[in-house]
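Taken in sequence, the protein lines are chains A and B.
Residues in the first sequence are numbered from 1 upward in steps of one, following this note's numbering.
Residues in the second sequence are numbered from 1001 upward in steps of one, following this note's numbering.
Source of the hints: derived by calculation from the structure; they are not laboratory data.
The structure presented is a predicted model; accordingly, all values stated were derived computationally and were not measured.
Among the clues, some could well be false.
As the list claims (entries may be wrong) - Straight-line distance between alpha carbons at most 25 Å, and here's what the computed SDA-like set of lysine to any residue pairs gives:
1. K140(A) <-> K1034(B)
2. K1088(B) <-> N111(A)
3. K88(A) <-> G57(A)
4. K1034(B) <-> N111(A)
5. K140(A) <-> E127(A)
Said to hold, decoys possible - DEER-style ranges, computed between Cβ atoms:
6. K88(A) <-> V1204(B): 52 to 60 Å
7. N14(A) <-> V1030(B): 49 to 57 Å
8. P1130(B) <-> G191(A): 52 to 60 Å
9. T1038(B) <-> G46(A): 53 to 61 Å
10. S1176(B) <-> E70(A): 21 to 29 Å
11. T1050(B) <-> E70(A): 52 to 60 Å
C-beta: ideal position from N, C-alpha, C; glycine also.
Number of protein chains: 2
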Amino acid sequence: MNIILLADADRTINDTFTVSDYRAEHIRTVLQSKVGETVEVGLLNGPLGTATIEDLGGSHIRLTVTEWREASRPAYEVDIICAVPRPKTVKKILAIAAGMNVRSLHFVRANRTDKSYLESPLLKEPERLPYLYDGLSQGKFTRLPVVEVHPLFRPFVEDEVPDIFADRLKLVADPSGERLTTIFSPSHQPGEVVIAIGPEGGWVPFELDLLVTTGFTPFQLGPWTLRVENALVAALSQLALVAAKESI
Amino acid sequence: MNIILLADADRTINDTFTVSDYRAEHIRTVLQSKVGETVEVGLLNGPLGTATIEDLGGSHIRLTVTEWREASRPAYEVDIICAVPRPKTVKKILAIAAGMNVRSLHFVRANRTDKSYLESPLLKEPERLPYLYDGLSQGKFTRLPVVEVHPLFRPFVEDEVPDIFADRLKLVADPSGERLTTIFSPSHQPGEVVIAIGPEGGWVPFELDLLVTTGFTPFQLGPWTLRVENALVAALSQLALVAAKESI
């Protein structure tokens, strides 16, 4: 936890906040902060900041933010379409997406998605929130990714994707594609990118064809068969290397 | 599990193998294979292959490899130096390293390594083997990474690293560095690379200085604060994008 994530609901008055849950536990046992010491914080969907611990007694911790800093804007926005993975992997995807400042995360049922995965409570608020918060706290970001679940692949890709992601660079991870260095010219600035990540075992041909028809360019991550969560990290990392060169 | 990993100890006679553990469970419950059907296999530190199920009765499964295929050699070799993380993360690092065909993994104690982490049984054989096997089975690789543990940072980096990694391109992940696209020229073929990945919270200045003095070039992964396991995936993915262009 690299920042303590605060929400407006934690606000007592002005810049003073009170926390009593896993965050209080973290301040007490991991940071081992004392009254008068400072901790790094972030306001959910707001600025980052530095706060002073004012009261550690009892079950609550009171802290006052003494300095706010505007969170930096990403050089380009990334949205992710992800085949619904098993629930254990959903947790990881949520944390990685939040921790790598992904704007939105669209889970979609794919042919190789087990139908039971769609019933996972993790796909619903508020069950998914702790994993998103964990990712934000790790990554020092405050912007909560938008999460949506699309139970039908074809209507989502045919009807919704062209509207939601109009004028967006569209990429789909698949071993059949070229490498991102081939797809991007050195001067290419993506602006906004949507990346589709398939299920374990990959997209079936129908799905890949439909994505390509809808404007997605296949790209390959490397000579590996990666778990879904590692494919997400790999895709975001490679994109950062080829996109918006001056920004990172 | 994308291949069933076999070892010489499983061999009954010639190309016939018998398995009874988690691999038999996987063949029965996940693959739901029947007698006469084939499964993809790999021989530990040997070739890949296709095997036919011959007997599913009782607690053991007997299968005969009908085709062996030489595992492809990586276009370049990667060795990893990794600050010893918490035990939960050691498991992930072992699986990722094996699943991304890393040749060797050197855990080293860093300033920000909790001393107790060094006592983890996961750092010892045979406790670490299941995680390495899991990575190989996922990544369809058969080469077991060499794993070593170095309890003292300075003697390891000063005295051992120059010998172990002589004539190797040496990289250290650190936000102070350039991006890999700047470090690599388009025609650069690395041959062999060693990448050092720091602990949560990063290297302390003394450690980074010593690594640089020893010939490591700092490189940055992107505008994120990544968990150790995600930093490893990001580093290997970015290296694949800039290195050995024709090979992946």
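Here is what the structure says about each hint:
1. The hinted pair formed by K140(A) and K1034(B) fails the criterion: a straight-line CA distance of about 50 Å is larger than 25 Å.
2. Straight-line distance between C-alpha atoms of K1088(B) and N111(A) comes to about 32 Å, which puts the hinted pair past the 25 Å bound.
3. Taken as a hint, the K88(A) and G57(A) pair is broken in the structure, with Cα atoms around 36 Å apart against an allowance of 25 Å.
4. Only pairs whose Cα atoms come within 25 Å are accepted, and K1034(B) paired with N111(A) is accepted, the gap being roughly 23 Å.
5. The straight-line distance between the Cα atoms of K140(A) and E127(A) is roughly 21 Å, inside the 25 Å bound, and the hint therefore holds.
6. Under the hint 52 to 60 Å, the C-beta atoms of K88(A) and V1204(B), about 34 Å apart, miss the expected range.
7. Checked against the hint of 49 to 57 Å, the C-beta distance between N14(A) and V1030(B) comes to roughly 56 Å, which is consistent with it.
8. Restraint check, P1130(B) to G191(A): a C-beta distance of roughly 44 Å breaks the suggested window 52 to 60 Å.
9. For T1038(B) and G46(A), the hinted distance range of 53 to 61 Å is satisfied, since their beta carbons lie about 56 Å from each other.
10. Evaluation of the 21 to 29 Å hint for S1176(B) and E70(A) yields a pass: the beta carbon distance comes to about 23 Å.
11. Checked against the hint of 52 to 60 Å, the C-beta distance between T1050(B) and E70(A) comes to roughly 57 Å, which is consistent with it.
In the structure shown, a violation is registered for the earlier hints numbered 1, 2, 3, 6 and 8, in ascending order.
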